[in-house]
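Visitor: Listed here are the chains, written in short residue letters.
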Amino acid sequence: MSTLSSIGLVAKREIKERGKSKPFLITSGLTALFVIALIVLPGLFGDETDTFEVGSLGDGNTAVIETAEILGNTGDEAGTEPSVRIEEITFDSREAAEAALAEGEVSVVLVDGTEMIIEREEGVFGGGSGPVDLLQQAAGAIALEQVIIESGESAEAVIDIISSQTLEVTPLVEPDGDTDAASAVSYFGLLLLYMAIILYGTWILTGVTEEKSNRVVEVMISAIRPWQLLAGKILGIGFLAVIQFTGTIAIALVTVRLFATFDIPEISAVALINLAIWFLLGFLLYAVLFGAAGSLVGRVEDAQSAAMPMTIFSIIGFFAGFAVLGDPDGVVAVISTFVPFTAPFTVPIRVSLQAISAWEYALAVAITVVTIYLAIRAAGRIYAGGILKSGSRTKLREAWRSADG
Amino acid sequence: MLKIDSLAKRYGDVVALDGCSFEVERGRMLGFLGPNGAGKTTAMRAIFGLVRPDSGMVTWDGSAISDESRRRFGYMPEQRGLYPRMKIAEQVTYMGRIHGMSAVEARSAADGWLDRLGLTERSDDPLETLSHGNQQRVQLAVALVHDPELLVLDEPFSGLDPIAAETMSAILTEQAERGKAVVFSSHQLDVVEDLCEDVAIINEGSIVVEGVVKELKDAAPIRHVEIELEEGAADVLSDLDGIRHVSQKGDVQTAIIDAETDVRVLLLKAQQTGAVRHFTYTTPSLTDLFREAVK
Chain H
1 MSTLSSIGLV AKREIKERGK SKPFLITSGL TALFVIALIV LPGLFGDETD
51 TFEVGSLGDG NTAVIETAEI LGNTGDEAGT EPSVRIEEIT FDSREAAEAA
101 LAEGEVSVVL VDGTEMIIER EEGVFGGGSG PVDLLQQAAG AIALEQVIIE
151 SGESAEAVID IISSQTLEVT PLVEPDGDTD AASAVSYFGL LLLYMAIILY
201 GTWILTGVTE EKSNRVVEVM ISAIRPWQLL AGKILGIGFL AVIQFTGTIA
251 IALVTVRLFA TFDIPEISAV ALINLAIWFL LGFLLYAVLF GAAGSLVGRV
301 EDAQSAAMPM TIFSIIGFFA GFAVLGDPDG VVAVISTFVP FTAPFTVPIR
351 VSLQAISAWE YALAVAITVV TIYLAIRAAG RIYAGGILKS GSRTKLREAW
401 RSADG
Chain W
406 MLKIDSLAKR YGDVVALDGC SFEVERGRML GFLGPNGAGK TTAMRAIFGL
456 VRPDSGMVTW DGSAISDESR RRFGYMPEQR GLYPRMKIAE QVTYMGRIHG
506 MSAVEARSAA DGWLDRLGLT ERSDDPLETL SHGNQQRVQL AVALVHDPEL
556 LVLDEPFSGL DPIAAETMSA ILTEQAERGK AVVFSSHQLD VVEDLCEDVA
606 IINEGSIVVE GVVKELKDAA PIRHVEIELE EGAADVLSDL DGIRHVSQKG
656 DVQTAIIDAE TDVRVLLLKA QQTGAVRHFT YTTPSLTDLF REAVK
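Protein sequences appear in the order of chains H and W. Per this note's numbering, the very first residue in the first sequence carries number 1; after that it's consecutive. Per this note's numbering, the very first residue in the second sequence carries number 406; after that it's consecutive.
Careful, some of the hints might be misleading.
Counterexamples of contact, computed for chain W against chain H with all Cβ distances above 10 angstroms [to be verified]: (1) Lys408; (2) Ser426; (3) Val456; (4) Met462; (5) Ser468; (6) Asp472; (7) Gln484; (8) Arg485; (9) His504; (10) Gly564; (11) Asp646; (12) Lys654; (13) Val657; (14) Thr659; (15) Glu665.
If you only want the chain W side, here are some residues facing chain H, beta carbon under 8 angstroms, derived [said to hold, decoys possible]: (16) Arg457; (17) Tyr480; (18) Leu487; (19) Met491.
These are computed hints drawn from the structure, not numbers from a lab. Because the structure is a prediction, the values reported are computed rather than measured. Note that CB positions come from ideal geometry on N, CA and C, so glycine has one too.
Could you build the full structure based on these sequences and the hints that come with them?
Guide: Below, the structure written as structure tokens:
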């Protein structure tokens, strides 16, 4: 029987047994729900129309209120719900209007288009975008209108002028839709990689420790090589990881299309491939190390402590990724590019932001690939030595010495 | 033929194997005996590469054991272990496939063994739901599923009830008759005596006795004597020459004596002491041989 078919058998068992296990189904379900909630909920809460009731006493208020409503909605896109709606509630007496204001039935009372009654002056923390400011601007616009009408302009033209950005803005860096989208995708990718390493790394870790603690490994290793068992396990769990992740992303895309109020950023194929390459490199590097760590402990309870170095490295990588998003050319960015444990987190971001040179990229890939190769060799040896040792904790050196390279 | 040749293995200051050598031929069954900590498990694990000996080697049919030949071996480790949540039929099938069988072959062999071991109804149950005894049976099925040429079992009889032990005996005998090489360790010397033609006794890491059980008994420098008198318990043997070990159980006095001791002297002494109800003079039992070998 060939090496490949041994690895394939182990991977297949892993996929089959783990794929139908409760933890897998539960994490899959929860992740899907989480993603759906993340996309749908802001849409439900964030895009409502603000409605204000404005009391009206005397004449000349309607024009101000209508103008205020137009001003409040100048930023809206065509075809969407208006941001602001102002309802006019007419009162007969000042007493009735003030009573309604005190009761909170109206948020402000307009008198004869010239006076505004409010409950109290806004404090330091008072809002600036409520109906008060809008009405103030509207009244100003109407007053201005009178002046301008005399020189032959219309009210609409006045409002246009007031609400438009009169000063031309020149950004130093031209806005680039591709780069923005790419950095959004990088951010998402960073998060996914970190989650994948922690979640699936832990699966590999505990899977290896379980095999050791329930001694099935004796039977397995009597038939196949330790590294074949480890490789099969990593491939099997890696496959499930890809299934769970692509499933989650597919659910996210469908949900966005159905419910969301924002667009999916356009992603170039190159950016996607780059992301996929580094996702694989990062996952592979950490997976083999988690596997080796798992072989050193005899009980699942001890597994997390054995995995501490990997957990710390991945957290450092994650935060380095954030630093690089803010400063893609900085010291952190350059150093983390050449450290194999952080490169998978930061290099894709630097690529997306076009802040990495070709030689840096090539060197980063080379360093990481070489490290993965060395890690596989080392992990295979540590695993082979550790997996057959009994006791709750095997020393790294002891495991290393008791196996062939 | 399996040949264990001068294996040595040391863990720090502890010597596990010290020049251990023995052979198991096809069609024969070897009982591998030794006190606790003598090196039985270490020697068996070395066959499967689970222990890397410091020196010495293990060969199968004259050549060093390859990955390929190891897949034609069946192994029941001392510490039983399988996947707890995997269904037993799937588990046995999987182990068959790991040993190189096709999916169809493995499934049918697994079903056959589960049927033979009375586990067909439990085929779709996860291993962890089975009783300890039934888990042992599954472990045996795993060792046998790929029809191995060599069967290595570490304490296969431990924890079995008499019925299960009988099934185990029948299966092992049948495997040897079918031309397989079978080696198992055990502390149940009576079982080994009943089952095995060949025996090897290991003590402190090296083999102290090896050979065909019957020949060993005949060639042993000791004989086994039992005497019972009408009058009840009496000490007949203690002060005679050539007596190695005497014990009294109820009315029966048992002794291990030098083989060259003249049995007629013993009988005479017994008749002088009282009326003899029972007198046996036999080659030593395996237990006697074992005790002599490891003392």
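Visitor: Does each hint fit the structure? Answer for all of them.
Guide: Structure-based check of each hint:
No beta-carbon of chain H comes within 10 angstroms of the beta-carbon of W/Lys408; the shortest separation is about 18 angstroms. No Cβ of chain H comes within 10 angstroms of the Cβ of W/Ser426; the nearest lies about 21 angstroms off, and the non-interface call holds. Look at W/Val456: its CB is around 8 angstroms from the nearest CB on chain H, not clear of 10 angstroms, so calling it non-interface is violated. Against the 10 angstroms criterion, W/Met462 stays outside the reach of chain H, whose nearest CB is about 15 angstroms from its own CB.
With a least CB separation of 18 angstroms from chain H, W/Ser468 remains clear of the 10 angstroms interface cut-off, as annotated. Its closest Cβ contact with chain H, about 7 angstroms, brings W/Asp472 to no more than 10 angstroms, contrary to its assignment away from the interface. Residue-level check failed: W/Gln484 sits 4 angstroms from the nearest beta carbon of chain H, not beyond 10 angstroms. A cut-off of 10 angstroms between C-beta atoms contradicts the statement that W/Arg485 is not in contact with chain H; the least separation is 7 angstroms.
With a closest Cβ-Cβ approach of about 5 angstroms to chain H, W/His504 is found to fall inside the 10 angstroms limit, against its non-interface label. Every CB of chain H is more than 10 angstroms from the CB of W/Gly564 (nearest about 15 angstroms), matching its label as outside the interface. Residue-level check passed: W/Asp646 sits 50 angstroms from the nearest beta carbon of chain H, beyond 10 angstroms. Residue placement check: W/Lys654 keeps its beta carbon more than 10 angstroms from all beta carbons of chain H (closest about 39 angstroms).
Non-interface call for W/Val657 relative to chain H: holds, since the shortest CB-CB distance, roughly 44 angstroms, exceeds 10 angstroms. Distance check on W/Thr659: its Cβ is at least 40 angstroms (rounded) from any Cβ of chain H, clearing the 10 angstroms threshold; non-interface status holds. Distance to chain H confirms W/Glu665 as a non-interface residue, since its nearest Cβ pair spans about 47 angstroms, more than 10 angstroms. Against a cut-off of 8 angstroms between C-beta atoms, the interface hint on W/Arg457 holds, since the closest Cβ of chain H lies about 7 angstroms away.
Evaluation of the W/Tyr480 hint against chain H yields a held restraint, the C-beta minimum of about 5 angstroms falling below 8 angstroms. For W/Leu487, the interface hint holds, since its Cβ comes within 8 angstroms of a Cβ in chain H; the closest pair sits about 5 angstroms apart. The interface hint given for W/Met491 is met, as the beta carbon of that residue sits about 6 angstroms from the closest beta carbon of chain H, less than 8 angstroms.
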